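Trainee: Can you build the whole structure from these sequences, using the hints too?
First to last, the protein sequences are chains A and B.
Quick note on my numbering: the first sequence kicks off at 1 and runs consecutively.
Quick note on my numbering: the second sequence kicks off at 1 and runs consecutively.
These aren't lab readings, by the way, just hints derived from the structure by calculation.
Some hints here could point you the wrong way.
[Unchecked claim] Straight-line Cα separation of at most 30 Å, DSSO-like style, residue types lysine-lysine; simulated pairs:
(1) A:K292 to B:K308
(2) A:K120 to B:K308
(3) B:K308 to A:K242
(4) A:K248 to A:K124
(5) A:K124 to B:K225
(6) A:K225 to B:K225
These numbers were taken from a predicted model, which means no experiment stands behind them.
There are 2 protein chains.
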Amino acid sequence: MNKITKLFNIKYPIIQGGMIWCSGWKLASAVSNSGGLGLIGAGSMYPDVLREHIQKCKLATDKPFGVNVPLLYPNTEEIIDIIIEEGIKIVFTSAGNPSLYTSKLKHAGITVVHVVANSKFALKAQSAGVDAIVAEGFEAGGHNGFEETTTMVMIPLLRKIISIPLIAAGGIGSGQSIYASLSLGADGVQIGSLFAAAKESSAHENFKEAVVIAGDGSTYLTLKKLVPVRLIRNEFFNTIHKACIDGKNKEELLEILGRGRAKLGMFEGNTNEGELEIGQIAATIDSSRSVKEIMETLIEEYGITKSKMSQSLGI
Amino acid sequence: MNKITKLFNIKYPIIQGGMIWCSGWKLASAVSNSGGLGLIGAGSMYPDVLREHIQKCKLATDKPFGVNVPLLYPNTEEIIDIIIEEGIKIVFTSAGNPSLYTSKLKHAGITVVHVVANSKFALKAQSAGVDAIVAEGFEAGGHNGFEETTTMVMIPLLRKIISIPLIAAGGIGSGQSIYASLSLGADGVQIGSLFAAAKESSAHENFKEAVVIAGDGSTYLTLKKLVPVRLIRNEFFNTIHKACIDGKNKEELLEILGRGRAKLGMFEGNTNEGELEIGQIAATIDSSRSVKEIMETLIEEYGITKSKMSQSLGI
Numbered sequence: 001m002n003k004i005t006k007l008f009n010i011k012y013p014i015i016q017g018g019m020i021w022c023s024g025w026k027l028a029s030a031v032s033n034s035g036g037l038g039l040i041g042a043g044s045m046y047p048d049v050l051r052e053h054i055q056k057c058k059l060a061t062d063k064p065f066g067v068n069v070p071l072l073y074p075n076t077e078e079i080i081d082i083i084i085e086e087g088i089k090i091v092f093t094s095a096g097n098p099s100l101y102t103s104k105l106k107h108a109g110i111t112v113v114h115v116v117a118n119s120k121f122a123l124k125a126q127s128a129g130v131d132a133i134v135a136e137g138f139e140a141g142g143h144n145g146f147e148e149t150t151t152m153v154m155i156p157l158l159r160k161i162i163s164i165p166l167i168a169a170g171g172i173g174s175g176q177s178i179y180a181s182l183s184l185g186a187d188g189v190q191i192g193s194l195f196a197a198a199k200e201s202s203a204h205e206n207f208k209e210a211v212v213i214a215g216d217g218s219t220y221l222t223l224k225k226l227v228p229v230r231l232i233r234n235e236f237f238n239t240i241h242k243a244c245i246d247g248k249n250k251e252e253l254l255e256i257l258g259r260g261r262a263k264l265g266m267f268e269g270n271t272n273e274g275e276l277e278i279g280q281i282a283a284t285i286d287s288s289r290s291v292k293e294i295m296e297t298l299i300e301e302y303g304i305t306k307s308k309m310s311q312s313l314g315i
Numbered sequence: 001m002n003k004i005t006k007l008f009n010i011k012y013p014i015i016q017g018g019m020i021w022c023s024g025w026k027l028a029s030a031v032s033n034s035g036g037l038g039l040i041g042a043g044s045m046y047p048d049v050l051r052e053h054i055q056k057c058k059l060a061t062d063k064p065f066g067v068n069v070p071l072l073y074p075n076t077e078e079i080i081d082i083i084i085e086e087g088i089k090i091v092f093t094s095a096g097n098p099s100l101y102t103s104k105l106k107h108a109g110i111t112v113v114h115v116v117a118n119s120k121f122a123l124k125a126q127s128a129g130v131d132a133i134v135a136e137g138f139e140a141g142g143h144n145g146f147e148e149t150t151t152m153v154m155i156p157l158l159r160k161i162i163s164i165p166l167i168a169a170g171g172i173g174s175g176q177s178i179y180a181s182l183s184l185g186a187d188g189v190q191i192g193s194l195f196a197a198a199k200e201s202s203a204h205e206n207f208k209e210a211v212v213i214a215g216d217g218s219t220y221l222t223l224k225k226l227v228p229v230r231l232i233r234n235e236f237f238n239t240i241h242k243a244c245i246d247g248k249n250k251e252e253l254l255e256i257l258g259r260g261r262a263k264l265g266m267f268e269g270n271t272n273e274g275e276l277e278i279g280q281i282a283a284t285i286d287s288s289r290s291v292k293e294i295m296e297t298l299i300e301e302y303g304i305t306k307s308k309m310s311q312s313l314g315i
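Mentor: Given below as structure tokens:
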């Protein structure tokens with residue numbers, strides 16, 4: 001049996017990334033109901049909103065689901081307590097130190113996975129006692145690592161140095177790329193962009209349309225003096241990225257950035273002035289489909305790839 | 001039969017990238033003798049030097065080999081004429097417009113491959129009549145595309161839009177990643193960094209040592225206001241990259257850059273003051289090995305991966 005399907009008791013080793021403004025109970029339950037692992041993204045939720053989404057998700061699926069918690073907000077302690085109170089069994093932590101909450105979560109009987117973007121934090125997470133690691137490459141949407149290591153390089157690199165299950169993320173949007181990720185040494189995959197554009201995603205339709213339109217080179221990693229973030233090139237991107245290129249300092253960048261830009265773009269649908277966080281793989285996304293259709297396509301493509309690759313091909 | 005092995009009449013669909021200061025006749029002939037396709041990198045050679053390398057390569061192997069020509073130097077016409085005079089049958093062009101020399105080369109009976117880093121140039125190269133395309137991802141060493149599309153994203157994207165054979169490049173340093181690249185839709189792979197560090201590479205031992213030492217995050221893409229280039233972070237990198245971050249303009253950057261930096265670092269072995277062009281995959285390269293040993297390892301790893309992946313894995 002696959003290590004990831006076993007760890008989470010799911011049918012396919014496919015995890016839907018917990019994403020701000022996209023992954024509420026509707027998306028998470030749909031993915032879990034289709035045989036993957038759905039994650040509620042707590043990053044854009046006030047504590048009460050998160051509790052509501054957890055409760056609705058429990059009603060919408062009897063399959064395992066989890067919560068993603070970015071460890072960078074002041075209310076993280078409160079979020080963690082709600083997760084434990086609500087009896088959540090799977091937590092993905094990201095954007096922070098894996099030593100902070102892993103013990104507390106593990107003591108509550110929770111399976112803990114930490115998201116990393118380099119080998120140093122992969123080893124740190126493993127030492128902290130997490131059950132698995134998500135390794136996210138440079139091509140991924142939203143916040144990103146400083147090393148800029150891509151999925152193609154990161155997975156073989158981490159596979160050599162960690163022994164716990166490894167989940168590949170970044171640039172994965174087809175059954176072919178799931179198969180490729182497992183070939184590189186991953187035990188499963190985490191898919192973000194494809195699900196961000198799904199019908200069940202809580203993102204604004206304007207944002208989903210921007211993802212569908214996006215082509216090669218439409219996203220770019222910027223704001224490297226703050227925290228690097230991959231965005232669609234829109235008016236806001238052009239303004240903030242020009243400021244970066246012109247050598248503006250942190251304070252000046254923060255002033256241009258203002259507050260609530262991701263909500264403005266992804267949830268309220270202002271695709272000119274808002275931050276539109278999505279991965280490079282958006283270039284291959286041509287429509288907003290239901291989670292069921294996405295999952296069926298992924299499994300079909302995986303099967304075709306496996307069959308093709310089992311033939312000779314010259315090696 | 002595999003499209004790439006058939007196109008070049010070689011045993012394995014593995015091409016050694018033509019790299020400045022690394023790939024002379026010794027490296028190219030060793031790769032061709034081991035069943036791959038060796039390429040002499042004309043980018044760092046004066047016309048007479050190229051002619052000498054071609055003649056020596058012919059004596060060193062009876063297998064097919066080719067020449068890589070970056071289309072950005074003033075003497076390109078002369079280089080192309082030498083290649084035709086010497087009866088070279090395979091040419092890879094890069095860093096320029098594929099319409100420029102494809103017809104001339106094709107009329108001379110030469111198989112032409114063009115290196116691209118985005119979908120626009122892939123389509124342009126296909127229209128120009130090339131026989132295959134190398135698609136090089138962001139993780140690759142040396143000069144790089146402006147879109148920053150990674151191999152994981154680029155291969156499925158280009159596979160959808162082009163019909164001619166597709167060669168994946170960038171981040172490939174193991175049999176696992178060759179297998180993954182073919183899963184993504186490539187017909188073959190081009191490998192640079194692994195061969196740059198090979199015993200037969202003409203690069204300086206100090207450079208090879210720097211590649212072996214390099215870990216996660218040791219390389220970085222810089223000089224984006226000129227032509228983006230991936231370098232090892234050394235003293236020179238720190239100086240030029242700080243100038244980029246501080247918002248220096250093209251002229252100021254060119255002054256800091258000076259001339260002959262790549263030769264200084266890669267050929268003369270000044271690893272502090274020179275440019276050290278290498279891919280992210282350097283993080284997985286632990287020793288300088290012979291081409292024969294590298295090729296045998298790649299084929300062995302490929303076989304192990306194929307065998308592993310033909311089993312179930314939960315999908």
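Trainee: None of the hints should be skipped; say for each whether it holds.
Mentor: Outcome of the hint check:
Between the alpha carbons of K292 of chain A and K308 of chain B the distance comes to roughly 28 Å, so the proposed pair stays at or under 30 Å and holds. For the hint pairing K120 of chain A with K308 of chain B, the CA-to-CA distance comes to about 28 Å; that is within 30 Å, so the pair holds. Restraint check: the Cα-Cα separation between K308 of chain B and K242 of chain A comes to about 47 Å, which exceeds 30 Å; the hinted pair is violated. With a CA separation close to 33 Å, the supplied pair K248 of chain A and K124 of chain A exceeds the 30 Å bound.
Between K124 of chain A and K225 of chain B the CA atoms are separated by roughly 36 Å; this puts the pair beyond 30 Å, and the hint is violated. Of the supplied pair hints, the one linking K225 of chain A and K225 of chain B holds, its CA atoms being roughly 17 Å apart against a limit of 30 Å.
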